[in-house]
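Here the protein sequences line up with chains A, B, C and D, keeping their order. Residue numbering for the first sequence follows the working numbering, beginning at 7 and increasing consecutively. Residue numbering for the second sequence follows the working numbering, beginning at 7 and increasing consecutively. Residue numbering for the third sequence follows the working numbering, beginning at 7 and increasing consecutively. Residue numbering for the fourth sequence follows the working numbering, beginning at 7 and increasing consecutively.
Heads up, a few of these hints could be off.
Straight-line Cα separation of at most 27 angstroms, DSSO-like style, residue types lysine-lysine; simulated pairs [what the hints assert, rightly or not]:
(1) A:K44 to D:K155
(2) C:K162 to C:K44
(3) D:K21 to C:K282
(4) A:K27 to A:K170
(5) B:K170 to C:K44
(6) A:K25 to A:K170
(7) D:K245 to A:K25
(8) C:K282 to D:K282
(9) C:K193 to D:K193
(10) A:K12 to D:K44
(11) D:K239 to A:K12
Bear in mind the hints are in silico, worked out from the structure with no lab data behind them.
Number of protein chains: 4
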Amino acid sequence: MSMFDKIRDPGFGEKYNSKTKRLINTDGSFNVTRVGEKYHVRDVFQWLINLSWLYFGMLLVLFYISINLIFALLYYVLSPNGLEGIESSISFFTNAFFFSLQTFSTVGYGKMHPIGMMSNAIAAVESLVGLVFYAIVTGVLYSRFSRPKARVAFSKNAIIAPYKEGESLQFRLVNQRSTQLMDIHAKAILMLVDQQHHRQYYRLDLEPSSIQFFPLSWTVVHPITEGSPFYNKAPSFYKDTEGEILIFIRGFDETFSQEVHTRTSYLLKDIVCHAKFSPMFETDHDGEILLHLNKINHYHSANK
Amino acid sequence: MSMFDKIRDPGFGEKYNSKTKRLINTDGSFNVTRVGEKYHVRDVFQWLINLSWLYFGMLLVLFYISINLIFALLYYVLSPNGLEGIESSISFFTNAFFFSLQTFSTVGYGKMHPIGMMSNAIAAVESLVGLVFYAIVTGVLYSRFSRPKARVAFSKNAIIAPYKEGESLQFRLVNQRSTQLMDIHAKAILMLVDQQHHRQYYRLDLEPSSIQFFPLSWTVVHPITEGSPFYNKAPSFYKDTEGEILIFIRGFDETFSQEVHTRTSYLLKDIVCHAKFSPMFETDHDGEILLHLNKINHYHSANK
Amino acid sequence: MSMFDKIRDPGFGEKYNSKTKRLINTDGSFNVTRVGEKYHVRDVFQWLINLSWLYFGMLLVLFYISINLIFALLYYVLSPNGLEGIESSISFFTNAFFFSLQTFSTVGYGKMHPIGMMSNAIAAVESLVGLVFYAIVTGVLYSRFSRPKARVAFSKNAIIAPYKEGESLQFRLVNQRSTQLMDIHAKAILMLVDQQHHRQYYRLDLEPSSIQFFPLSWTVVHPITEGSPFYNKAPSFYKDTEGEILIFIRGFDETFSQEVHTRTSYLLKDIVCHAKFSPMFETDHDGEILLHLNKINHYHSANK
Amino acid sequence: MSMFDKIRDPGFGEKYNSKTKRLINTDGSFNVTRVGEKYHVRDVFQWLINLSWLYFGMLLVLFYISINLIFALLYYVLSPNGLEGIESSISFFTNAFFFSLQTFSTVGYGKMHPIGMMSNAIAAVESLVGLVFYAIVTGVLYSRFSRPKARVAFSKNAIIAPYKEGESLQFRLVNQRSTQLMDIHAKAILMLVDQQHHRQYYRLDLEPSSIQFFPLSWTVVHPITEGSPFYNKAPSFYKDTEGEILIFIRGFDETFSQEVHTRTSYLLKDIVCHAKFSPMFETDHDGEILLHLNKINHYHSANK
C-alpha cells in the first residue's frame with residue numbers, strides 16, 4: 007500500500023504496543039487522558055464557559071447562596087451586635103444572611119445597616135467581593151454567548167457511492183446554526199493499523215476540497231481511483247480492517263469574522279457500501295429552497 | 007460553453023427539478039429555508055445582536071416591565087404582608103411593582119423593604135436575576151457595537167462598459183463606514199441555468215482581483231476577452247438568459263483587526279449594456295478628494 | 007519608465023484633473039472627504055472609542071451631568087410632590103437633581119425616595135437608562151483598552167544610503183509599545199504624478215520584505231538596482247519630482263493574537279540623500295541590548 | 007559554512023561590538039531594554055492584564071482602600087457637617103470612610119446619607135468614579151481570563167538523537183492547557199556568533215514542520231544531513247560554540263478560534279548528545295492514551 011499518499015503522523019503517534027481506542031470521537035474529542043496537569047486560574051474560566059447551561063445555572067445559584075452564607079457567618083461570629091434594624095422575629099443569623107444578600111447585590115435597602123467598625127469592615131469587603139463576582143459573571147456569560155464555535159452536523163455514516171464511472175467515498179455535513187459559514191475547507195486522512203498495532207496515515211484526495219458558500223449541505227467526495235487506498239476493495243475490507251477516517255473542517259464564521267474549526271471521524275466498519283445520500287433540499291412552489299436538517303443521515307441503496 | 011472556466015458547484019447545488027429564486031439576494035442573504043432546526047441558548051444571543059436597534063430597545067423595555075410584573079406578582083401572592091414602608095394610598099400590587107423595580111435595579115432606596123422570610127427570599131432571587139440580566143445586556147450591547155461587519159455598498163447594476171479595445175463587465179463598490187478596509191479581494195462567479203434547470207458555474211477573471219487600499223470607490227472589471235462567457239454576446243443575451251453573477255468580497259477591517267466578508271449578486275437581466283460609471287470622486291480646490299457616496303449607482307450611456 | 011515594476015492602481019485612482027494632496031499622511035490617514043455619509047448607531051460607538059482620553063472623559067462627565075439634569079427636570083415638572091425626605095434648605099430642583107444622581111447610579115440611599123405613581127415611574131425609567139448607560143460605558147472602556155492597534159514609529163525621513171556596491175532607499179520603524187509584534191511584513195509602492203496629473207504606481211522591492219522577530223528597530227531597504235525607478239537619479243530628482251512612497255506594514259500582535267496593520271508615506275522631496283541611519287541600539291556591560299526609541303529619526307551624512 | 011541555508015537577520019541585528027546575552031529566553035522574552043518609552047493609557051491596561059493574579063488581587067484591594075480613603079478625606083475636609091445619620095461613637099473620618107465605601111460600591115444603605123450641596127456633589131462624583139472603576143475591573147478581569155494564550159511546555163534540552171541511518175537534532179513540546187491547539191507549525195533558526203561578535207543566521211529544516219492535531223506531545227526533528235550546519239560535528243562543537251537555536255511555534259487555538267504564537271530557544275551548550283526522548287504517552291488497558299505531562303524533559307542515553 008506504499009504507493010498511496012502515505013503521510014507523516016499528523017499528531018497521534020505511530021507506534022503503540024496495544025490496541026487503542028479510536029483517535030477522534032464523533033464529537034471531535036480525543037481519547038487522551040492528561041496526567042500531571044497543573045491548573046491555572048484561566049482554566050477555571052475555560053471550564054465555566056464549557057459547562058452546560060443547566061450546570062452553569064446551578065453553580066451560579068449555589069455559589070450565590072454559599073458566599074452569602076459565609077458572610078452571614080462572619081457577621082454572626084465577628085460582629086453579633088453590628089447590625090441595626092434587624093427583625094426580632096427571626097434569628098440573628100437569618101437576619102445576617104439577608105443583610106449579606108442586600109450588601110452583596112449592592113441593593114442595600116438600609117433598613118438593616120452595619121454599625122461599628124467590624125460589621126462595616128465586613129460589609130466593605132463583601133461589596134468588593136460582590137463587584138468581582140459580578141464582573142466575572144458578566145465576562146463568563148459574554149464568553150459563553152459570544153465565542154465563535156462551528157456547530158456542524160456530519161452524516162452518521164460515510165458511504166461508498168457510485169461516482170462517474172466508478173465509486174467514491176462520501177460523507178456530508180450541514181451547518182446546524184443559522185449563522186453563515188463561508189469558504190469551507192475539508193481534509194481527510196485515513197489511518198490504518200498494521201499487524202504491530204502501528205498506525206499508518208494516508209491522505210484522501212477530495213473533489214472539491216473546499217466550497218465558497220455553505221447555505222446548503224455539502225457532500226464531500228473522495229473518488230476511489232487507482233491512487234486511492236480504497237481502490238478495488240470489497241465490502242468485507244471495510245468490515246474487517248481496523249482503520250479510521252479523520253475529518254478536519256475549517257471555515258470562516260461570518261457572524262464573528264473568525265475562522266472556526268471542527269472535526270470528526272468515521273471508523274471503517276461504519277462505512278456503508280453501495281449507498282447513495284438522499285437529497286436534503288428541495289425547491290418549493292415559490293422557488294425557495296427548503297433544507298431539511300434532519301435528513302443529514304438519510305441514504306438509500308445505490309441499486310434503486 | 008465548456009471552453010470557459012467552468013468550475014465546480016461553489017455550494018449551491020447543481021440539479022434542481024424546478025425554477026428556483028436567485029441564489030444570493032442583493033443584501034447577501036440566501037434564499038434557503040431551514041427546516042427542522044433546533045435552537046440553542048447561543049442562538050437567542052445571535053438573534054438579539056442581529057435585531058434592529060428599534061426592536062432591541064422595545065424588547066429591552068418590554069422585558070424590564072414584564073420581569074418586574076412577575077416579581078410583583080410573586081410578592082403579591084406569596085408574601086402579601088412581607089413589605090414594610092409601603093404607601094397606603096396606592097394598591098399593594100403597585101407598591102410591590104415599585105419595590106420590585108427598586109430591587110431588580112439594585113437601587114434599593116429602603117423606604118420599602120422586605121420583612122420576613124418569604125419576601126426577603128424573593129428579593130434575594132430577584133437581585134440575582136437582575137445581575138444576570140445586567141450581565142447579559144452588557145454583553146449584548148457590547149456585541150452589537152463591537153462586532154466587525156463590512157458595510158459595503160455595491161452599485162445597483164453591473165454594466166457592460168468599453169475597456170481598452172473591447173468591452174468589460176463592471177460593477178463598483180464603496181465602503182459605507184468611515185472605518186478603513188484594507189487589502190480587499192473580489193471573486194466573481196457566473197451561474198447559468200441550462201434547459202434542465204441545472205446550474206453551471208464559471209469563474210470570471212477580474213483585473214485586478216484585489217486592491218491594497220480602499221479609501222475611495224473600487225470599480226471591479228471583468229474584461230470580456232475570448233476566454234469570457236460573455237464574449238461576443240449581444241445585449242439580448244443578458245435580457246433573455248437566466249443567470250446570476252455571484253460576488254464575494256473579503257477585506258481586512260483595521261478598526262477590529264479582523265477579516266470581514268460580504269457578498270452580493272447581479273442577475274443577468276439587470277446588466278446595463280453600453281454604459282459607463284460616472285466618477286464618484288473629484289478634487290476640491292485644496293487638493294482634498296471628495297468622495298460622493300450617493301453616486302455609487304450613477305452611470306451614463308457609453309456613447310456620450 | 008515603463009520598464010520598471012509598474013503596477014495597477016492600488017486603490018487611489020489614476021486620473022485627476024488637478025493637483026491633489028498627498029495620498030497617505032504620515033499618521034496613516036487618507037485625504038478623502040466623504041460626502042453623503044449616513045451614520046449608524048455603531049458609528050457612534052466607533053467615534054467614542056477613537057476619541058482621545060481627555061475628550062472621552064469630558065464627554066462622560068458632561069453626559070452624566072446632563073442626563074441627571076434632564077431627569078431632575080422631569081421630577082420637577084411632572085412630579086413636584088413626588089419626593090419624600092428632601093432637604094428643605096435647598097431648592098426642590100436641586101433635591102431632585104441629587105435624587106436623580108442617587109437613582110441613576112443605583113446608590114439609592116433612600117433618605118430621599120419617590121412617593122406616588124409618577125415619581126416612581128420616572129425613577130424606574132431612570133434606573134433602566136442608568137443600566138444601559140453603565141453597560142455602554144463598560145463596553146466602550148473595554149474596547150478603548152483592548153482593541154489591538156499597532157503603534158509603530160517610522161523614521162521621519164526616508165534616506166538614500168550606501169548599500170553594498172551601490173545605494174539604497176531606506177526607512178526604519180520601531181514598535182512603540184512594549185507588547186511584541188511578530189512576523190512583520192512591509193510593502194512599498196512608489197506613486198509618481200505625470201504631466202497630466204495622472205498617477206503612476208511602481209512596486210519597490212524590499213530586502214528583506216519581512217522579519218520574524220521585532221524586538222529592535224527594523225531598517226527596511228530598497229536596493230537601487232537597474233530595476234528600480236530610482237536608478238541613476240541625482241539628488242535633484244527627489245527634490246523636483248512630485249511623488250510619494252506608500253508604506254504598508256502588517257504583523258501579528260502577540261498580546262491580542264491578531265494581525266495588525268499600519269501605514270505611512272514619504273514624499274520624494276522629504277528624502278535625504280547620502281545619509282546613514284545612526285544605530286538605535288547598543289549593548290550594555292551586562293550584554294543586555296539597550297534600544298533607544300527616541301533615536302528613530304537620527305541619521306548622519308554618509309560621507310563621515 | 008556559507009553552503010548552508012544562511013538567511014537574513016530575522017530581526018535581532020547582526021553586528022555587535024561586544025558579547026550579548028542570549029537572544030530569546032526560555033520563557034520566550036527578549037533581552038532588550040527599551041529606553042525613552044512613552045506610556046499610554048492602554049499600556050496601563052496591558053500591564054494590569056499581565057500582572058500575576060496575586061499582585062492583581064493585592065492591587066485591587068489597595069486601590070479600593072485608597073480611593074475610599076481619598077473620598078473620606080474629601081468629605082472630612084470639604085463637608086464636615088455634610089453627613090447625616092453618622093455613628094457618634096466612632097470618629098467622623100471613620101464614618102466618612104464607611105459612607106464612602108457605601109457610595110463607591112453603590113450599596114447605599116442610607117442610614118448615613120449626604121445633606122447639603124457639597125457632600126451630595128462629592129457623592130455624585132464618587133458614584134461616577136465607582137462606575138468607571140467597576141467597568142475597568144470588569145474589562146480587565148475579562149481580558150485576563152479570555153485572551154488566547156498558548157501555554158506550550160518545551161523540553162528543557164534539545165538532544166542529538168539517532169534518526170534513520172544518521173542523527174537528528176530534536177526537541178519536543180506539549181500543550182499545557184487542556185484546550186485544543188490545531189495545525190501547529192514550527193520554525194527553527196540557528197544563530198552562530200563569529201569572531202567579531204557578529205551574528206549569522208541559518209535555517210534548520212524540520213521533518214515535518216507542521217502537524218494537524220496536537221493532542222499528544224510533538225517531537226520536532228531536524229535531520230542532520232549534509233545540508234545541516236550540524237553535519238559531522240563532534241559533541242565538543244556544541245559545548246564550545248556560542249550559538250542559539252531560536253524556536254518559533256504557531257498554531258490555532260480552538261477555544262478562541264484564533265492563531266496563537268509562542269517561542270523559546272536552546273543554547274548550543276545545553277544540547278545533550280547521544281540521547282533519546284523517553285515516551286511521554288502509553289495506552290492503558292481500556293485503549294485510552296495516557297499523556298504524562300511531567301515527562302516532557304525525560305530522555306535517556308541513546309546507547310541503551
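Verification of the hints:
1. A:K44 to D:K155: Cα-Cα ~16 angstroms, so holds.
2. C:K162 to C:K44: violated, 36 angstroms
3. D:K21 to C:K282: This hinted pair holds, its Cα atoms lying about 16 angstroms apart.
4. A:K27 to A:K170: violated, 35 angstroms
5. B:K170 to C:K44: Outside the cut-off at roughly 36 angstroms; violated.
6. A:K25 to A:K170: violated, 38 angstroms
7. D:K245 to A:K25: At roughly 43 angstroms apart (the allowed maximum being 27 angstroms), K25 of chain A and K245 of chain D break the hint.
8. C:K282 to D:K282: violated, 50 angstroms
9. C:K193 to D:K193: Given that 27 angstroms is the threshold and the Cα spacing comes to 23 angstroms, the pair holds.
10. A:K12 to D:K44: violated, 55 angstroms
11. D:K239 to A:K12: violated, 33 angstroms
Violated hints for the displayed structure, listed by number in ascending order: 2, 4, 5, 6, 7, 8, 10, 11.
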